[in-house]
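Trainee: Sequence:
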Amino acid sequence: MQVRGAADDVLAGALGKLEGAAGHAAPDMNAQEVANSWYAFATLGRTPQETTWAALETAAARVAPDMIPQGVSNTLYAFATLGKSPGAQTWAALEQTAAETQVRAMTSQGVAATLWSYSALQQMPGDRMWMALEDAAARVAPGMIPQNVANSVWAFASLGRTPDEKTWAALTTAAARVSQSSSPQHLTDMVWAFDALRTLRGVARPPCYAIVWDLVCGAAAADFTDAGLRALFHAHLMHCFSGYGSDGSAAVEVAYPTWLATEARDAWRGGVQESIAVPPSKSFQKLTRVFDDLGVRHEVDRVTDDGCFSMDIYLPAHDVAVVFDGPMQCYYKSDSDKTMTRTAKTELRDFFLAKQCTTLVTMSWFEFAKCTTSEKRWRYVKDTLAKQAGVEVVTEAVTPAS
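The sequence shown maps to residues 30 to 431 in my numbering.
Any given hint could be a false lead.
Restricting the straight-line Cα-Cα distance to at most 20 Å, the calculated cross-link-like pairs of lysine to aspartate or glutamate (EDC-like) are [stated by the list, open to error]:
(1) LYS416 - ASP379
(2) LYS384 - ASP321
(3) LYS384 - ASP330
(4) LYS374 - GLU303
Restraint ranges, calculated between C-beta atoms of paired labels, are given here [to be verified]:
(5) ASP243 - ARG318: 50 to 60 Å
(6) ILE174 - ASP243: 16 to 26 Å
(7) ARG133 - PRO56: 41 to 51 Å
Hints listed in this document are in silico derivations from the structure and should not be mistaken for laboratory results.
Cβ coordinates follow ideal geometry from the N, Cα and C atoms, glycine included.
Turn these sequences into a full structure, and let the hints guide you.
Mentor: Structure below.
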């Protein structure tokens, strides 16, 4: 153990020196060297220190116009794998290069990696990028392996984007082709994507939908991660609540594995409990104090009787659920349009919560943050409840709790 520990220390020291060298060399790196550096950090699972990150990010923005297709996709993939978006200038430079020329020449792996990177970072592609990605996905779908198919359909669904008819036909045909050789994770991503697009956008489930579920049935619960089990149960809930789409077509009958109602359900419920165990933000604490000040009876982190959903705030006297949406529930478009857009997962949350109560009220972290006094916060909450739920809060003169 001591020998191994010493070896780990040596490796950590060597990586630290290499990282420092990369930061120093970044201003002189060419496009391929920058892309390779980012990809190396992602492969190692090592997020560069702040100074190295800044140097390599600046270099990425500088050389983006000279990157080859693989360089663009690898760089975007690295940011997504490391779980950190670059600054707006760097992202814009990479997207401009990709949309103008490089996406058209990307391989199936490059297209899938680029789509996955956008969705993983909750970055909404600009209009030109969307057009380029859809055209490219349709072009390369016939040659996609299971991972690429799963990542692509998951990305479209995660971003709440309905692919054009040609692209969707190509991707679902590819899904049918690769389904038999897909891993449990790939099957999970495909099922979740098909149900999410059906629920949110009325997209018809493809012919291979039932086949994919049959393959899931042939696997054991132990073949899936907790995240995979939760995604499957989420898909099951979507199927149950949205069997009929906006086009009026009938529900698709599928067979579910027996463990869906046990292990998968318990994993989903466990996720609900984990979410409410997260310490509340200061802004959310301020919001709940407003309800205290106004004398509105409420419950915080109310879990539904079936244990499948939680409400940020619940008003039992009115059967109203209140959700408090901030940056984590939205993504920015990557082009000059900086309008906040709710994520697909936020839309799905609202879809289900609206079925658990009489009225669902959304309170915006962005608007609430503008309320700099207790009186303004009171007014925001009262006005929002009145407008969205018809709940009139009548208060006497009170002293703020904070």
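Trainee: Next, verify each hint and record whether it holds.
Mentor: Structure-based check of all given hints:
| no. | hint | verdict |
| --- | --- | --- |
| 1 | LYS416 - ASP379 | 17 Å, holds |
| 2 | LYS384 - ASP321 | 26 Å, violated |
| 3 | LYS384 - ASP330 | 17 Å, holds |
| 4 | LYS374 - GLU303 | 17 Å, holds |
| 5 | ASP243 - ARG318: 50 to 60 Å | 51 Å, holds |
| 6 | ILE174 - ASP243: 16 to 26 Å | 21 Å, holds |
| 7 | ARG133 - PRO56: 41 to 51 Å | 30 Å, violated |
Against the hints set out earlier in the document, violations occur for numbers 2 and 7.
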